[in-house]
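Trainee: Here is how the chains run, residue by residue.
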Amino acid sequence: MIDWRLIDLDNSTPLTEALFYILLAVRTPNHGYGIIQNVSEMTDGRVTLGPGTLYGAINSMLTKGWISLYSEDKESRKKKEYLITNIGKEVFQNEVKRLNELIKNAKKIDD
Amino acid sequence: MLKFKLYYDKDAEEDWLKKMCLNGWAFKKFFLGFYTFEQCEPGEYNYQIDLLDNWNGYKDDYAAFMEDAGVEVVGQWWRWVYLQKKATDGPFEMYTDVDSKISQYSKIRNFFKVALILEVICFFMELMATVNTGSYIFGIFTVLLAVISLAMLKIIWKCNWKIEQYKHEKET
Chain A
41 MIDWRLIDLD NSTPLTEALF YILLAVRTPN HGYGIIQNVS EMTDGRVTLG
91 PGTLYGAINS MLTKGWISLY SEDKESRKKK EYLITNIGKE VFQNEVKRLN
141 ELIKNAKKID D
Chain B
2 MLKFKLYYDK DAEEDWLKKM CLNGWAFKKF FLGFYTFEQC EPGEYNYQID
52 LLDNWNGYKD DYAAFMEDAG VEVVGQWWRW VYLQKKATDG PFEMYTDVDS
102 KISQYSKIRN FFKVALILEV ICFFMELMAT VNTGSYIFGI FTVLLAVISL
152 AMLKIIWKCN WKIEQYKHEK ET
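As you go down the protein sequences, you meet chains A and B in turn.
Every number in our numbering is 40 more than the matching position in the first sequence, counting from 1.
Every number in our numbering is 1 more than the matching position in the second sequence, counting from 1.
Only chain B is shown next, with the shape it has when bound in the complex:
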């Protein structure tokens, strides 16, 4: 089964993959918003999504380490990896203490900060093009880029909020 969805919030995406699996569909592949699913026992797997430190090099080391820890890397999209673990092998949470949760959300926040800067630059380029040419095609792209930029701003804000929550938890 193939499904198209656009996620920018990995927590929501994880929840969706878990829900799909509870309905008997196991996630297999991701490409450009297209999710491939195969039939499975309802609730057979649990999912987590992680952000790698860089694009290449240590990816094999990471995958081998996860495999040793009983976790399988099912898919990868740039620096994002999809991990699964059989539900019968116990609970699955990638980050279990406050410090590593803070560092994970900081990493995600920095990723989206860079992406946001790029989107904003593109937005202004499109905006200039729209003003200069008056073409509605550029206009559509301008609006689209504004929407994407706002979505990224939202996720950065959410990461900041989570980091603050965890820091508060640490202090008390």
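Here chain A stands alone, though its shape is the one from the complex:
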């Protein structure tokens, strides 16, 4: 049996900066505008996600199962919240592992 999910994980790294920071921003339930602000704060305004970029990224990650719909406030405003899934966490950890390796090797230049 081929584990298609693992193959998907292999293809998923390296993550784009947008995907990386969106995954970080939904470690607790977060909605569209919250994600944009959160990412902007984490990067001191360096990464500002355009609403179109965010919308596309969220829909593609929902399809891949990296994030899931956490809640939908139907009464006041239609504000959807998203939360990272276990697959999403795995993808993220894989990326962190890759980045750590890069940093570890990058330090060789100082030696």
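Note that these hints are calculated values from the structure, not bench results.
Misleading hints may appear alongside valid ones.
Stated by the list, open to error - Residues from chain B that keep clear of chain A, each with C-beta distances beyond 10 Å, as calculated:
(1) F5
(2) T37
(3) Q49
(4) V72
(5) S136
(6) K155
(7) I164
Stated by the list, open to error - Cross-link-like lysine-lysine pairs, in silico, BS3-like; alpha carbons within 30 Å at most:
(8) B/K168 with A/K104
(9) B/K4 with A/K120
(10) A/K119 with B/K168
(11) B/K171 with A/K147
(12) B/K108 with A/K119
(13) B/K171 with A/K148
(14) A/K137 with B/K168
(15) A/K144 with B/K171
(16) A/K104 with B/K171
(17) A/K120 with B/K6
(18) A/K104 with B/K30
All C-beta atoms in this analysis are idealised placements derived from N, C-alpha and C, irrespective of residue type, glycine included.
With the hints as your guide, set chain B onto chain A.
Mentor: Relative to chain A, chain B alone:
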């Protein structure tokens, strides 16, 4: 105020809407080439034009999402949507990274590819009619369809060029 214009290049259309707003005219509605404007503070809004994935269904989801992100959907024409954001709320760019820019221009290119195929089919039908009947009315339509087809070819070419530029940017 009502203005008539035909745009097939959304970048040029965005620039025009921004310029109109700088002159104190805010875009309100689009219908068949007719743009409705209302007076506003000069430079009050910024505009972006986006292409939806399909005609219906997720449109409400899209509009609600944009509203949450501080962006208002002002108008819609088939799959094309007009978005505005107050200039005081910060800069407005729908697509901010290379990957999403590439996918947006790919989407626009595919849209015009389908449109071009339809136009070319119509062109040949009109051309046949012109040859068979010798009627100048069919002739006029043939020329018109040829012009539209060329305009679409131009926009497809422009999308391809932009995609190549962004891919190059990504590699370096």
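Trainee: Which numbered hints are broken by the structure, listed smallest first?
Mentor: Hint check: 3, 4, 9, 10, 17, 18 fail, others pass.
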